[in-house]
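K.L.:
The hints should help you fit chain B onto chain A, whose structure is shown.
For the record, the sequence lines run as chains A and B. Counting in the working numbering, the first sequence runs from 46 upward without gaps. Counting in the working numbering, the second sequence runs from 752 upward without gaps.
To be clear, the hints were calculated from the coordinates, so they are not data collected in a lab.
Derived pair list, reagent style DSS-like, types lysine-lysine, alpha-carbon separation capped at 27 Å:
(1) A/353 <-> A/47
(2) A/70 <-> B/886
(3) A/48 <-> A/290
(4) B/918 <-> A/70
Model, not experiment: these values are computed from the prediction.
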Amino acid sequence: MKKYTDLGKKDTRSGFGAGLASLGKTHPNVVALCADLIGSLKMEAFIEAHPERFVQVGIAEANMMGIAAGLTIGGENPFTGTFANFSTGRVYDQIRQSIAYSGKNVKICASHAGLTLGEDGATHQILEDIGLMKMLPGMTVINTCDYNQTKAATIAIADHQGPVYLRFGRPVVPNFIPEDQPFVVGKALMLSPGSDVTIAATGHLVWEALQAAEVLEAQGISCEVINIHTIKPLDEEAILASVAKTGCLVSCEEHNVLGGLGESIARTLAQHHPCPQEFIGTQDTFGESGTPSQLMDKYGLNAAAIEKAVLKAISRKNA
Amino acid sequence: MNQQPTLNDLVIQTRRDILRMVHQVNSGHPGGSLGCTEFFIALYHKIMKLNPGFSMDGIGEDVFFLSNGHISPVFYSTLARKGYFDVAELATFRKLDSRLQGHPTTHEGLPGIRMASGSLGQGLSVAIGAALAKKLNQDSHTVYALTGDGELQEGQNWEALMFAAAKKVDNLIAAVDLNGQQIDGSTDHVLAMGDLKAKFLAFGWEVVEVTQGNDVEAIISGYETAQSLLGKGKPVCVLLHTVMGHGVDFMMYTHAWHGKAPNDDQLAQALAQNPVTLGDY
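Extracted from the complex, chain A is given alone in its bound form:
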């Protein structure tokens, strides 16, 4: 299989900050908004270079979403920044009416998604945001896997017309996607071809999927690892081409299995290529306090859990 090296651990939110700073230089209509979390979202570089294009709204996320929608009227390209929980559930109706239904070109950039937010606990660990956002007509949903991909995605969505939900996280994680890897919205990334099983992973679970594939390769199991960074629109073609070879699939996400990437894939498989699928994700539960790695272990979001799921998927295929 194709091997990936950890280029050095970095947080995905810093990739967002770097992407935003880069957009500041290239896209004069990009406006950043934040609800009292500048440091957490790593927005300092953009703000320092372009203070006139930054809107601090205070702790008022509903107002932030409305202001972002209004900024598009006049041709601005607004990027909102706050935690994933406050970017989605807290402001769902504002996004639904003022952004999605109104067809506004707002980029909703959400950090601290999922369990890996860590010690702050379940109040802040949203595991339902992908589901909430993918259900909104016209909304593009992206969950990036490392620093380089988050930076590339941040830059790419500036040229995407229409509302986007960009989901990333808090902790430092391996940075392994090549810096020059182009980010194409809606196009899955083939990380490592294989023949026995497809592992379709998004976000922080992508590195875990690669680790699992290495272990399984040593056992003679060939895994095809695909990074589904864009959950909506889903790259059905890539998924179907892969399961046509492998005949089974494991979906991996740091999100509730209800409503997440796995269910989107299951719908595609049910319609076009029914085959065994196993789901790595949280099992309809809230999170809790703990370190990111403790939480990922406890809730079964790691390479070991993916390995087990792969064996199960293959055994179901062969049954």
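P.N.:
Showing chain B alone in chain A's frame:
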């Protein structure tokens, strides 16, 4: 030759449009629409500086946001009679495949609409965003907004009020339709909001009161005052005292016609009080 209709002719014809639209589909919100008819006519014919045609971005012209989207009948009639679309299209209000949805939307591409509204409390934030965009674009035009009074019970408004004052959004005039009524009764009965003028002042806004909110000249005069306060570091609020159902005697001074259509007899009676001026759609 084209003769400009008088403001009074427009007001009366718009009332007829509202009544006929809601009657035709036996649904919609006549009360608040009638209460704001004079405001809409004054706004679109005297107060706002508008370019011909419609562009979503509204660069180089004033723009307006309706937050209490349920009074869509008055908005649609005003836009049609201002020339944004054919008045004949008013007959499609709330019907299948219409651009005139129950609540205003950009989704069907109706000229004159810049955001969807209906879920209350969101319009002021959007108007602030558009006002910030005008500043970024060095566009000296003004953003206008209208919210209901009951709508101020939605918390997002107070986030928006705080923001607009703190960030000196002084190219914005936001009106509140003070008719004192909401679905379940008077605003004082449902959730009394106290002294709204004092609240707006305390939040750092300039406040202009128009006590005769159903008098076109009084509205225009109040807005001249409001416009004179722009550009001085504060957002401007117009407290517009209106009577829900204004212009139809049996619909006035009650919340009963907030979201209820007149029957055939009631329509005839209401139209008789507002004889045709410009021609029905």
